[in-house]
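Student: With the hints as constraints, model all of the structure from the sequences given.
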Amino acid sequence: MGGYIPMARCEQEEMLAELGLSKMEDLFTEVPKELLAAPLEMPKGKSEYEVRRIMEDFGRDNKIFKTCFRGAGAYRHYAPAIAKHVSAKETFLTAYTPYQAEISQGGLQAIFEFQTDICVLTGMDISNASVYDGATAAAEAIVMCRERKREKALIYSNCNPDTLSVAETYCKCQDIPYEILPAKDGLVDKELLKEKLDETVSCVLVQSPNYYGMFEGVEEVSEIAHAAGAKVIHSGNPIAMAIINSPGEMGADIAVGEAQPLGLSLAYGGPYLGYMACREALMRRLPGRIVGQTVDENGERCFVLTMQAREQHIRREKASSSICSNQALCALAASAYIASMGPEGLRCVAQQCYDKAHYAAQRLEEVGYKRRHQGEFFHEFLTECPPGPEQVLQKLEAEGILGGLAVDGGILWCCTEMNTRAEINRMVAICEEVALI
Amino acid sequence: MKLIFEKSKPGRGTAMLPPCDVPFAEMDESLKRKAPLPLPEIGEGELARHYSELERRTHGVNNGFYPLGSCTMKYNPHLNEDIAMMVGFNRIHPLQPERTAQGCLGIIHLAEKLYCEITGMDAITFQPSAGAHGEFTGIAMIRAYHQKNGEDEQRREILIPDAAHGTNPASAAMNGYKVVTIPSGPDGCTNMEAFRSAVGPKTAGVMLTNPNTLGIFEKNIAEITDLVHTAGGLCYYDGANLNAVMGIVNPGAMGFDIIHLNLHKTFSTPHGGGGPGSGAVGCKEILRPFLPVPIVSETKNGYTLEYNRPDSIGKVRSFYGNFLVVVRALCYILSLGSDGVKEASEGAVLNANYLRKKIADGKYVAYKEPSMHEFVLGLSELKKETGISALDIAKGLLDYGIHPPTMYFPLIVEEALMVEPTETETRETLDEAAEAFNTLFRMAKEEPEKLHGAPFTTPVKRPDEVEAARHPILRYQFD
Amino acid sequence: MQIKSDLSYTKNHEWVEKTSDGKAKIGITDYAQSELGDLVFINLPQVGDALSAGDAFADVESVKAVSDIHAPINGTVSAVNEALLDEPELINQDSYAAWFVQVEQPDFPSDLLSAAEYEAFLKEEG
Numbered sequence: 029m030g031g032y033i034p035m036a037r038c039e040q041e042e043m044l045a046e047l048g049l050s051k052m053e054d055l056f057t058e059v060p061k062e063l064l065a066a067p068l069e070m071p072k073g074k075s076e077y078e079v080r081r082i083m084e085d086f087g088r089d090n091k092i093f094k095t096c097f098r099g100a101g102a103y104r105h106y107a108p109a110i111a112k113h114v115s116a117k118e119t120f121l122t123a124y125t126p127y128q129a130e131i132s133q134g135g136l137q138a139i140f141e142f143q144t145d146i147c148v149l150t151g152m153d154i155s156n157a158s159v160y161d162g163a164t165a166a167a168e169a170i171v172m173c174r175e176r177k178r179e180k181a182l183i184y185s186n187c188n189p190d191t192l193s194v195a196e197t198y199c200k201c202q203d204i205p206y207e208i209l210p211a212k213d214g215l216v217d218k219e220l221l222k223e224k225l226d227e228t229v230s231c232v233l234v235q236s237p238n239y240y241g242m243f244e245g246v247e248e249v250s251e252i253a254h255a256a257g258a259k260v261i262h263s264g265n266p267i268a269m270a271i272i273n274s275p276g277e278m279g280a281d282i283a284v285g286e287a288q289p290l291g292l293s294l295a296y297g298g299p300y301l302g303y304m305a306c307r308e309a310l311m312r313r314l315p316g317r318i319v320g321q322t323v324d325e326n327g328e329r330c331f332v333l334t335m336q337a338r339e340q341h342i343r344r345e346k347a348s349s350s351i352c353s354n355q356a357l358c359a360l361a362a363s364a365y366i367a368s369m370g371p372e373g374l375r376c377v378a379q380q381c382y383d384k385a386h387y388a389a390q391r392l393e394e395v396g397y398k399r400r401h402q403g404e405f406f407h408e409f410l411t412e413c414p415p416g417p418e419q420v421l422q423k424l425e426a427e428g429i430l431g432g433l434a435v436d437g438g439i440l441w442c443c444t445e446m447n448t449r450a451e452i453n454r455m456v457a458i459c460e461e462v463a464l465i
Numbered sequence: 019m020k021l022i023f024e025k026s027k028p029g030r031g032t033a034m035l036p037p038c039d040v041p042f043a044e045m046d047e048s049l050k051r052k053a054p055l056p057l058p059e060i061g062e063g064e065l066a067r068h069y070s071e072l073e074r075r076t077h078g079v080n081n082g083f084y085p086l087g088s089c090t091m092k093y094n095p096h097l098n099e100d101i102a103m104m105v106g107f108n109r110i111h112p113l114q115p116e117r118t119a120q121g122c123l124g125i126i127h128l129a130e131k132l133y134c135e136i137t138g139m140d141a142i143t144f145q146p147s148a149g150a151h152g153e154f155t156g157i158a159m160i161r162a163y164h165q166k167n168g169e170d171e172q173r174r175e176i177l178i179p180d181a182a183h184g185t186n187p188a189s190a191a192m193n194g195y196k197v198v199t200i201p202s203g204p205d206g207c208t209n210m211e212a213f214r215s216a217v218g219p220k221t222a223g224v225m226l227t228n229p230n231t232l233g234i235f236e237k238n239i240a241e242i243t244d245l246v247h248t249a250g251g252l253c254y255y256d257g258a259n260l261n262a263v264m265g266i267v268n269p270g271a272m273g274f275d276i277i278h279l280n281l282h283k284t285f286s287t288p289h290g291g292g293g294p295g296s297g298a299v300g301c302k303e304i305l306r307p308f309l310p311v312p313i314v315s316e317t318k319n320g321y322t323l324e325y326n327r328p329d330s331i332g333k334v335r336s337f338y339g340n341f342l343v344v345v346r347a348l349c350y351i352l353s354l355g356s357d358g359v360k361e362a363s364e365g366a367v368l369n370a371n372y373l374r375k376k377i378a379d380g381k382y383v384a385y386k387e388p389s390m391h392e393f394v395l396g397l398s399e400l401k402k403e404t405g406i407s408a409l410d411i412a413k414g415l416l417d418y419g420i421h422p423p424t425m426y427f428p429l430i431v432e433e434a435l436m437v438e439p440t441e442t443e444t445r446e447t448l449d450e451a452a453e454a455f456n457t458l459f460r461m462a463k464e465e466p467e468k469l470h471g472a473p474f475t476t477p478v479k480r481p482d483e484v485e486a487a488r489h490p491i492l493r494y495q496f497d
Numbered sequence: 021m022q023i024k025s026d027l028s029y030t031k032n033h034e035w036v037e038k039t040s041d042g043k044a045k046i047g048i049t050d051y052a053q054s055e056l057g058d059l060v061f062i063n064l065p066q067v068g069d070a071l072s073a074g075d076a077f078a079d080v081e082s083v084k085a086v087s088d089i090h091a092p093i094n095g096t097v098s099a100v101n102e103a104l105l106d107e108p109e110l111i112n113q114d115s116y117a118a119w120f121v122q123v124e125q126p127d128f129p130s131d132l133l134s135a136a137e138y139e140a141f142l143k144e145e146g
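Residue numbers (our numbering), protein chains in the order written: chain A, 29 to 465; chain B, 19 to 497; chain C, 21 to 146.
Be aware that one or more of the hints could be misleading.
[To be verified] Straight-line C-alpha distance at most 25 Å; calculated PhoX-like pairs for lysine-lysine:
| # | chain 1 | residue 1 | chain 2 | residue 2 |
| --- | --- | --- | --- | --- |
| 1 | C | 43 | C | 24 |
| 2 | B | 402 | C | 84 |
| 3 | A | 200 | B | 220 |
| 4 | B | 196 | A | 177 |
| 5 | A | 112 | B | 20 |
| 6 | B | 402 | A | 117 |
| 7 | B | 402 | A | 51 |
| 8 | B | 131 | A | 117 |
| 9 | A | 61 | A | 91 |
| 10 | A | 61 | B | 386 |
| 11 | B | 220 | A | 91 |
| 12 | A | 177 | A | 51 |
| 13 | A | 346 | B | 220 |
| 14 | B | 302 | A | 61 |
| 15 | C | 84 | C | 31 |
| 16 | A | 200 | B | 196 |
| 17 | B | 402 | B | 386 |
| 18 | B | 131 | B | 318 |
[Said to hold, decoys possible] Pulled from the structure, derived: some chain B residues nowhere near chain C, Cβ distances all over 10 Å:
| # | residue |
| --- | --- |
| 19 | 211 |
| 20 | 219 |
| 21 | 484 |
It is worth saying that the hints were derived from the structure and are not from the lab. Even for Gly, the Cβ is constructed at its ideal location relative to N, Cα and C.
Tutor: Set out below in structure tokens:
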């Protein structure tokens, strides 16, 4: 039997007979005959072993790089074994959204713990249960800030290009006016920001560390924006927050970002994990599912999905977002990652990212790959590339190294705790060699 | 049970990383985090127990029957999990050169081809991450189409039946559309008279699921899509209920121009407690130019990602969507094949009709029309008679180890319970579930007071949702 | 079901009180709050917003539903009862004390009901 149907055909025939029917077709008499489909042309069902072989062949058509210096929105970090096993537990895997609280306390508590983790990291008051990814989180935040008299969004051009692109799509669809602020020397000029702010601006979306890995001076952005009555949406990297001042400390109103660095694999781009947190004053405007604490009939502490009247299944066309699913399993994995690393472990990851990126930047500079921008950076940086990026990257690829990403004629490099000194030295040596040819 | 933060003790933990092997780089003081970082400090053994305890306090498809209407809680094959965990997929960076990611691109390409055949569409994007995200994307494409034709200002309305999922009107509104609600008729189908008078030059499109949320097949579907097309609008198919009709009738043949699929419903990928899902969007040729970028193309040098598409609505999320969900869904469809796909839908409809008959001989079914893959009970009579509500019956089912059906939806049925058994359940499971329902109906009449107190066997009792919403506590309160 | 004799009413179950300063206050009736059940949140308009009789100007949330509240009169919002934002249960406790907004330059439509008329309307509705 195909389709993972547990019953033999003869059992199904008995069931049909109980319904007074003689064949499967009788179940579909409501479907007009002229609409019935011709038999599908795709191959017939395959055994488990055949499917495994096909999929393994696809896997072999990919190249796995032992060494990776590429980030640009997706980061390779070490995930402790326990973090991976927790999210593979089959009950978590096969549960639906925890609408029935009495039998869903595990999933609900896990999300409540995730919400707390995100609040701690971001310095915000409230977090939702996660959204699709960092880019949609930023776009949803813009929508959340929209007010009748203040609609316009100012968006930093040096956000991740996917974040920019998704934010633009969402703004266009919802007829939200927006302007993209150009960067100079990798950063957006504060004077330009001041100039663009007026009484029609609802929010400023700023990413820090930005696409080039540099810090944007968010405290000052907040001061300037707040003085003009606009809100600040900070897009960030949760790993960096272990050692870098949090969006909350820097005055942001909403913190969003991609939480894939919290132990989720690269996975060719997904599933990833968008986090979204805000100040208490904005609580009721936050989209997506939210878990809250309450008590049951016996007075025992328990958890439920709460403030549901914000959401589409109740508010329908008046909801601010149609979002329904979150990325619960990814949130669980991130939460288990945070717990297994602990605050010290997380600081260690962040510091090693910082140290290794700075070591790599210095070594590259020594062999003629100068940094293009001067500002402080976290674990990514853009260098010039005298021989041309393609030539360098191809040479690295041939040596089993995924180099940085070709960006604006240079290379955007990334280091994490996974890169050893020896790897960095080897990468630098190859870069030097190509430059000398 | 304690929160992980309540189990934390300073100094506990397990080392995961070697010491740093490059020189320490001092950071400017102004950049440093000053706020405390009270994340859990806990040893690995305790951590393992914490999550095992949380798992015990959760209910998944592998724990028992899960007839949650509209959610298609079918069995999630283990093979698919095995494959999705392969390093050959997990270690691939989304910005790797295309020539080094041919396996990933090949998977997307093959999945697109197979899903196009099942749905009667010409192209598919896997970028949307969930059903509602797919709806948002699809309606954005419809709007882009009208913009391209210079009709956006004229076409401001999306028609949606009153029985639709809440995501439908919300997704239409997210694209700036006015929602025109179409009432259902006494047969549970779209009221054709109301529909005919609503369609016109202002119509941008219609959003429908078929079978609809009552589990009834819209017999007039060809006329509906025809009316919309004649008026210059487009037809959107919400794929939430596709599990009823795979290999039987496809959305393309019904006249739909654009659809979304819930890979986490129809195509067996696990729901993960609320995600990640995948809301793949398929469309007919006329809408292909508007698909989100990039799309995967096959060239003589292999698969490539195509970005240069001037009419595209842009991106709706980073990279290419929830890739590992697509991997699982492809495994599923290869396992089923042309024969299995049809058998799955037949099995789903058979199981639904069987269970419908076994529960009080169909007495409480809200609409007497034949059911497809799900059916809706309306318990308003029972409530009047006994005071027992749909909620009470749902809570009673918990004590039988059964996840309750979807409650209070669709909104047009009072005291609704929406039951979708799926094809992966045995007859014994259906018989036992029917017995549980029937026992609870008897109890409603004989011991209503007792049933108000259900559930009795779960880790916690009914929660105080009013208090949770009035005075929200949304994170652990540190001392 | 409590009905206060000195207020005007609508068939949508809102009440209006003419205050001595020439302004008016608006709220929902005891019947409305009991039908809506335990309220958990309220969305109120902003000071300065114009009200148009019959149009939705606020909404109230229970755990599983949201309901529009319609303006019984025309005018301009001059104050909102912010206490309700923190304690929506005040509406359930005493719906006639829990005013939603104060309205200046109120204009009263002719189809407002007296207390007796509203009581009769409720009986009719059953």
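Student: For every hint, state whether the structure bears it out.
Tutor: Cross-check of the supplied hints:
1. C:43 to C:24: 19 Å, holds
2. B:402 to C:84: Since the Cα atoms of residue 402 of chain B and residue 84 of chain C sit roughly 21 Å apart, the hinted pair holds (cutoff 25 Å).
3. A:200 to B:220: Roughly 20 Å between the alpha carbons, so the hint for residue 200 of chain A and residue 220 of chain B holds.
4. B:196 to A:177: Given pair residue 196 of chain B, residue 177 of chain A holds - Cα atoms ~21 Å apart, limit 25 Å.
5. A:112 to B:20: 22 Å, holds
6. B:402 to A:117: Given pair residue 402 of chain B, residue 117 of chain A is violated - Cα atoms ~43 Å apart, limit 25 Å.
7. B:402 to A:51: 39 Å, violated
8. B:131 to A:117: 32 Å, violated
9. A:61 to A:91: 49 Å, violated
10. A:61 to B:386: 22 Å, holds
11. B:220 to A:91: At roughly 51 Å apart (the allowed maximum being 25 Å), residue 91 of chain A and residue 220 of chain B break the hint.
12. A:177 to A:51: 62 Å, violated
13. A:346 to B:220: 20 Å, holds
14. B:302 to A:61: 23 Å, holds
15. C:84 to C:31: 24 Å, holds
16. A:200 to B:196: The given pair, whose Cα atoms are some 16 Å apart, holds under the 25 Å limit.
17. B:402 to B:386: This hinted pair holds, its Cα atoms lying about 21 Å apart.
18. B:131 to B:318: Given pair residue 131 of chain B, residue 318 of chain B holds - Cα atoms ~18 Å apart, limit 25 Å.
19. 211: 27 Å, holds
20. 219: 27 Å, holds
21. 484: With a cut-off of 10 Å, residue 484 of chain B comes too close to chain C, as the shortest Cβ separation is near 4 Å.
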